[in-house]
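Quick one: dock chain against chain with the hints and give me the complex.
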Amino acid sequence: MDDKFEYLLRLGDNALVLSQRLTEWVGKGPALEEDMALANTALDLIGQARLWLAYAGEVEGLGRTEDQLAFLRDAHQFRNVLLVERPNGSYADTLMRQYLFDSWHLLLLDALTRSADGQIAAIAEKARKEVTYHLRRSADLVMRLGDGTAESHRRLQDALDELWMYTGELFEGDDVDAVLQAQGVADSAATLREPWLAQVGRTLTTATLTMPSSQAWMQKGGKQGRHTEQMGFLLAEMQFLQRAYPGQQW
Amino acid sequence: MSKEWPLWEGFIRSQHGLAHKHVGSLHAPDAEMAINNARDVYTRRNEGVGIWVVRASEIASSSPGDKTALFEPSNSKVYRHPTFFPMPEEVKNL
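Just so you know, the sequences run in chain order E and L. For our numbering, count along the first sequence from 1 and bump the result up by 98. For our numbering, count along the second sequence from 1 and bump the result up by 130.
Isolated chain L (complex conformation) (with noise of 0.2 Å):
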């Protein structure tokens, strides 16, 4: 089956969520049908107002192996993180 169905990987965008979230992976043949699988098989609890899928073989990921070249100087870093400021009360969701 594998080799005829690629594997789709499924977000949702839950109902009062902000954007889509990553849900997990099915196999399709094609969008159309991961659409009914990622519904059939992430949503049968009311969560979605949206279904994204992609084909996993499109996704580039970041490597473990560069975590710290990546995210490790901003740590150092602290005028890099904006809580020495008071938030308003509106924007705590920013």
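The following block holds chain E by itself, in its conformation from the complex (with noise of 0.2 Å):
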């Protein structure tokens, strides 16, 4: 299996399977504004999925489109982070998975702009724009209802508390990580740790939100397609029109 493949594969299905997520919300969102702003984040994701995918598809060689890839893959053959996949749960839940990810996702394209890999970093550079938006999004939301009502207060750390034991995966590293680092395609999965820490700490005080321990017992086997239940409704929501007609175009 080739390495670059899997790891552009993490990079694609992480877009494609949170913004299956946040598609869920549309017509649904507390407020119009936000109903629209989920809806664009979504459209974002779905954009970065497809750079990626069809990257993937390119390296592979095997002639796979990014429609293939996103429509005719199970679960065990994504590679997405099991963050991405949680329910969508509250608006505080989405809102939490939205901030942890997006915290996450622009270290990691800052990152990727310095890859070896030319197409690599032109992606990353692309996506980075959107995903800087994404955080402020995201992180002043975070704020405003960690520090907001009593309500908003608790539904941002029971949502916190929840998904925390999904953010270890992030930074675990494995033998694909090891084998991109050395080619200077990407960091290492590590690098990102202190400093993500150390930024959502801060935010999470702004917000009067206790963070959990960083020694946590974490959930992880995602990146290697091992996926929590909710992931097999997700793809059969997603993949049911190839299912059901193969084949069949817009």
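Covered stretches of chain L, going by a simulated chain E footprint (3 or more residues, C-beta under 8 Å):
(1) 152 to 159
(2) 162 to 172
Using 25 Å as the maximum straight-line C-alpha spacing, the simulated DMTMM-like pairs for lysine to aspartate or glutamate come out as follows:
(3) 126(E) with 134(L)
(4) 126(E) with 162(L)
(5) 227(E) with 132(E)
(6) 227(E) with 162(L)
(7) 102(E) with 208(E)
(8) 126(E) with 335(E)
(9) 318(E) with 256(E)
(10) 224(E) with 142(E)
(11) 126(E) with 160(L)
(12) 126(E) with 142(E)
(13) 126(E) with 139(L)
(14) 151(L) with 133(E)
(15) 318(E) with 100(E)
(16) 151(L) with 132(E)
Think of the hints as simulated: they come from the structure by calculation, not from any bench. Glycine included, each C-beta is placed from N, C-alpha and C at the ideal position.
Here is the structure:
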């Protein structure tokens, strides 16, 4: 298995799966403005997923297109981190998931703009502009609601406590990461951990939220294709059309 | 929601535009979020280079009933309309 292909799938699947989750909010957001903002974020992420997956297909060299990679793989072939497949829950859960992801995503893309692979650096450069805004928005809302009413504070703290165990995987390197690091294509996953903890710590303090222990037990496996049970349901819905009508086109 | 989130009016200056134009309304608790929301609701297609938001309650408007008093007098005074001069090409946009 080609390591760069694996790595590109991880990048693409993170964006694809989170985009699919955000799309579930369309028409159900708590305010028109929030509804639009989430849909915008989802569209940004689907655009990024397309770029990563199209390049992954190219690297793989078997003629698989972005569509085939998105719609014709099963859960165990997806390489997204577990965090992005977590259910939307309440708006607080979605917001916290988004914040935890955005803050990591921006650090990652920043690092990838210096990749030895020109195509990866170019995609990261484009995506970074969008994700800078995603983070600005999700951090702002986490601070507002964390430091908001007693109920909004409680809901965000609950969301944080619930999602925390899915953040360890973001910094967990494996053989694929090691190979790409050796090639100068990507940094090791672990290098983002300290900057991320520092940055998230500041935001959570401003939000009057309590950051769980960085030593807490962490869930992992998404990057290697071991997903939580929600992933199957997500894909069943996302891939329905291609499964029911193979080869169908718009 | 509307009780806590006042109405704002959004103005966007387009890429090649000379001035900010009113694009519509939105709700937000404060100016910072109003700018974010204006961006999300009104600027998805590369429209803008600048955003203004202003609380709708801060806008004073002329009343439709005053239309005659405000605008009619100038219509009957033809010398008020500078249409008698050939305009140089360069000042077309004035």
